[in-house]
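Which chain is which? The protein sequence lines are A and B, in order.
Counting in the numbering used here, the final residue of the first sequence is number 113, and the numbers go up one at a time with none missing.
Counting in the numbering used here, the final residue of the second sequence is number 779, and the numbers go up one at a time with none missing.
Think of the hints as simulated: they come from the structure by calculation, not from any bench.
Only a predicted model underlies this, so the values are computations on that prediction, with no experimental measurement involved.
One thing to keep in mind: the hints can contain errors.
Stated by the list, open to error - Example chain B residues on the side facing chain A (calculated, C-beta under 10 Å, incomplete):
(1) Lys709
(2) Glu712
(3) Tyr725
(4) Gly757
(5) Trp769
Even glycine gets a Cβ: it sits at the ideal position worked out from N, Cα and C.
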Amino acid sequence: DVVMTQTPPSLSVAIGQSVSISCKSSQSLVHSDGKTYLNWLLQNPGQSPKRLIYQVSNLGSGVPDRFSGTGSEKDFTLKISRVEAEDLGVYHCVQATHVPYTFGAGTKLELK
Amino acid sequence: QVQLKESGPGLVQPSQTLSLTCTVSGFSLTSYNVHWVRQPPGKGLEWMGRMRYNGDTSYNSALKSRLSISRDTSKNQVFLKMNSLQTDDTGTYYCTMLWFAYWGQGTLVTVSS
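Take the sequences, apply the hints, and build the full model.
Now the structure itself:
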C-alpha cells in the first residue's frame, strides 16, 4: 500500500499568516492515464471532510483561491495564503492513484 | 443536487456484524463510484473500499477478509457489511463520491457490549 507521510502534524497560526503543509508518498502518484490523483481535504471540527484540491492543483468548487496545491510524483504541498478563522481544522491529503486509496495522518491547524 | 446519507445502528456488540446503508440522490450509481471511509474518534481517515459504477468492488487489504460492499441501483443505495467487529472499529463511517467532492454527514458506530 502507498504510505502518505504528512507534515507537520500540527500548526499554530495567526489570522492572516500563510502556511504550508507537506505530503510525501512512498510511490509515484502518476496514474497510467497520466494524471496524478492527489487530493487535499479540510475537516472543520465536528464536520465531514470537504475537498479543497483535486489532482494536485485544481481548486474544488467554491474553494477560495487562498488555497493552492503544488507538487509532482511523490512530493506535494498545500499552501494557505492569509489564513482565516474558517480555515481552522484538520487537513488531510489522500491519494487515489493506487488501490487501496490512502490518507495522510492529518495536520491540525490551530489559532496561535 | 448530489446528496449522500449514511444510516445504520449506532451500537454494535463485539463480534457482531455491522450493516450500513448509503442512500444517494442527484446522481446515478451506474455512473459514479461510491466509497466508504471511516474515522476512529480523534484519529485520521481510513479508506475502506468502493463500489464502482459498473458494479465492481475494491477493498482495503487490511479489512478485505471482513468487509463486503454491495448496492441496489433501483433504490439508489450502497451497502457496507463488516463482520467480527471489535472495539477499534468504533468510529464515524462516511460514504463519499466523485474523488471525495461529496460526503455524507457520517454515522457514528460504537462497538461495545
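Hint validity - Glu712(B) Cβ closer than 10 Å to any chain A Cβ: At about 7 Å, which falls below the 10 Å cut-off, the nearest Cβ of chain A leaves the hint on Glu712(B) intact, so it holds.
So, as I understand it, the hint says Tyr725(B) touches chain A; can you test that by seeing if any CB pair is closer than 10 Å? holds, 7 Å
Hint check: is the beta carbon of Lys709(B) less than 10 Å from a beta carbon of chain A? OK, holds: Lys709(B) within 10 Å of chain A, min 8 Å.
Against chain A, run the beta carbon of Gly757(B) and see if the smallest gap drops under 10 Å. Not OK, violated: Gly757(B) not within 10 Å of chain A, min 13 Å.
Under 10 Å is the threshold here; is the Cβ of Trp769(B) close enough to any Cβ of chain A for the hint to stand? holds, 4 Å
The structure fails to meet hint 4 from the earlier list, while all remaining hints are met.
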